[in-house]
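Trainee: Per our numbering, residue 1 is the first one in the sequence shown, and the count goes up by one each step.
These are calculated hints, taken from the structure and not from any lab test. All clues given are correct.
Distance condition first, Cα-Cα at most 25 Å in a straight line; then the derived SDA-like pairs of lysine to any residue:
#1 LYS30 with ARG43
#2 LYS30 with PRO50
#3 LYS30 with ARG20
For each label pair, taking beta carbons as the anchor points, the in silico distance ranges come out as:
#4 ASP10 with ARG101: 16 to 22 Å
#5 ASN83 with THR5: 21 to 27 Å
#6 GLN52 with THR98: 20 to 26 Å
#7 PHE3 with ASN83: 14 to 20 Å
#8 LEU7 with ASP31: 20 to 26 Å
#9 ASP55 with GLN2: 16 to 22 Å
#10 LEU90 with ARG39: 29 to 35 Å
#11 PHE3 with THR98: 17 to 23 Å
#12 ARG74 with ALA24: 23 to 29 Å
All C-beta atoms, glycine included, are put in the ideal place defined by N, C-alpha and C.
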Amino acid sequence: MQFHTDLIDDGIRVRVEEPRLDAAIAIRFKDRLRDVAARHGPRILLDLTPVQFMDSSGLGAVLAIRRILPDGHRLELTGLTPNVDRVFRLTRMDTVFTIHRDPDALPPPPAPDDEAER
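Whole structure, please, built from the sequences with the hints as guidance.
Mentor: Listed below in structure tokens is the structure:
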């Protein structure tokens, strides 16, 4: 399981360097990303640009990572290829995740929450 990380303003960008995110690597992917997420945050930007194929195990691993993030952390996605994007749309997971369409345009950090400033 190969991936590359870059620190960003409010977290970390993780670029998956695998052509497939499937049952063969889903458990290792989830375990390694959980470790990265525990050390960085609050935003984890998962760049799936190289991923050409994702099955239900890969999708399940991405969902599992989202569920185990500490409070206040968030998982966002970018670089979905047409096949991977189709998986997210067919399963309606495109409504669950924030998906940035352009992996080269680093999304800005979110505006501060008014409640958090009080």
